[in-house]
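**Q** Make the full structure from the sequences, and use the hints.
The opening position of the sequence shown corresponds to residue 6 in our numbering, with each subsequent residue numbered one higher.
Derived from the structure by calculation, the hints contain no laboratory data.
From a predicted model like this one, the values you see are computed outputs, not experimental measurements.
There may be inaccurate statements among the hints.
Here are the simulated EDC-like pairs of lysine to aspartate or glutamate, each with C-alpha atoms no more than 20 Å apart in a straight line [what the hints assert, rightly or not]:
(1) Lys-17 with Glu-50
(2) Lys-57 with Glu-76
(3) Lys-17 with Glu-49
Beta-carbon label-pair distances, calculated as ranges [what the hints assert, rightly or not]:
(4) Asp-93 with Arg-68: 33 to 41 Å
(5) Lys-27 with Arg-86: 25 to 33 Å
(6) Glu-50 with Glu-13: 22 to 30 Å
(7) Gln-12 with Glu-44: 15 to 23 Å
(8) Arg-22 with Glu-45: 15 to 23 Å
(9) Asp-93 with Thr-59: 16 to 24 Å
(10) Phe-65 with Leu-85: 16 to 24 Å
The C-beta atom is built at its ideal place from N, Cα and C for all residues, glycine as well.
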Amino acid sequence: MPKGGAQEYKLKLRVVRIEIEKGKYECLITNLGPEFTMEERWNEEVGFRTLKYTVGMLDFHSRKRKYIHQEIYARLILHLRQASQMFDCF
Numbered sequence: 006m007p008k009g010g011a012q013e014y015k016l017k018l019r020v021v022r023i024e025i026e027k028g029k030y031e032c033l034i035t036n037l038g039p040e041f042t043m044e045e046r047w048n049e050e051v052g053f054r055t056l057k058y059t060v061g062m063l064d065f066h067s068r069k070r071k072y073i074h075q076e077i078y079a080r081l082i083l084h085l086r087q088a089s090q091m092f093d094c095f
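**A** In structure tokens form, the structure reads like this:
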């Protein structure tokens, strides 16, 4: 993105309406096409939820981009290390 200005681009989104209970609906916005099954979309969402909440990707201590990247890498390494211990991989 150029400094001091915004760059515009087109983004195609779909709204998917799902009945979660009788008479109660939830609308989801996705950029995935209709050729993707609900299961394929769900796996992606679970992965993002894990990154956001379990790994802690909602808040960062740093302000500069390179330090935010460093925090992301450190958190991912720690998460993978802990997951590997749970499954006794190492």
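**Q** Each hint needs a verdict: does it hold in this structure or not?
**A** Here's how the hints hold up against the structure:
no.: 1; hint: Lys-17 with Glu-50; verdict: 19 Å, holds
no.: 2; hint: Lys-57 with Glu-76; verdict: 13 Å, holds
no.: 3; hint: Lys-17 with Glu-49; verdict: 18 Å, holds
no.: 4; hint: Asp-93 with Arg-68: 33 to 41 Å; verdict: 39 Å, holds
no.: 5; hint: Lys-27 with Arg-86: 25 to 33 Å; verdict: 45 Å, violated
no.: 6; hint: Glu-50 with Glu-13: 22 to 30 Å; verdict: 27 Å, holds
no.: 7; hint: Gln-12 with Glu-44: 15 to 23 Å; verdict: 34 Å, violated
no.: 8; hint: Arg-22 with Glu-45: 15 to 23 Å; verdict: 18 Å, holds
no.: 9; hint: Asp-93 with Thr-59: 16 to 24 Å; verdict: 19 Å, holds
no.: 10; hint: Phe-65 with Leu-85: 16 to 24 Å; verdict: 19 Å, holds
This entry does not satisfy hints 5 and 7, going by the numbered hints stated previously.
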